[in-house]
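Student: Can you make the complete structure from the sequences, with help from the hints?
5 is the number of the first residue of the sequence shown in the numbering used here; add one for each residue after it.
Please keep in mind that the hints were generated in silico from the structure rather than gathered at the bench.
The model shown is predicted, which means the values in this text are computed figures rather than measured ones.
Be aware that one or more of the hints could be misleading.
[Unchecked claim] Using C-beta positions, here's what the derived DEER-type ranges look like:
#	residue 1	residue 2	range
1	L54	M5	19 to 25 Å
2	A15	L52	20 to 26 Å
3	T35	L56	19 to 25 Å
Beta carbons: idealized from backbone N, C-alpha and C, even for Gly.
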Amino acid sequence: MNWTELFSALALVLIIEGIIPFINPLGYKKTMQQMLAMPESTLRAVGLSLMLVGALSLFFIRG
Numbered sequence: 005m006n007w008t009e010l011f012s013a014l015a016l017v018l019i020i021e022g023i024i025p026f027i028n029p030l031g032y033k034k035t036m037q038q039m040l041a042m043p044e045s046t047l048r049a050v051g052l053s054l055m056l057v058g059a060l061s062l063f064f065i066r067g
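Tutor: Dropping the structure here:
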């Protein structure tokens, strides 16, 4: 993996992360308010799950 691939991946993350607040800012704000009310353990579990799904997807996609 070279630096170009790493920075390309980070750029795609920024693009994907920006889509929802751009398209539906009110829904995004409501979701963030709901997340503030969640226990930290739930947020950690969701974060871990997303990382595992992402790592497994990357593993199978990249072969």
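Student: Between A15 and L52, does the beta-carbon spacing fit 20 to 26 Å?
Tutor: With Cβ atoms ~25 Å apart, the hint holds.
Student: Starting from the range 19 to 25 Å, see whether the pair L54 and M5 falls in it by beta-carbon distance.
Tutor: Check passed, 21 Å falls within 19 to 25 Å.
Student: Assuming the hint says 19 to 25 Å, is it satisfied by the Cβ distance from T35 to L56 or not?
Tutor: Holds: the Cβ-Cβ distance is about 22 Å, inside 19 to 25 Å.
In the structure shown, no violation is registered for any of the earlier numbered hints.
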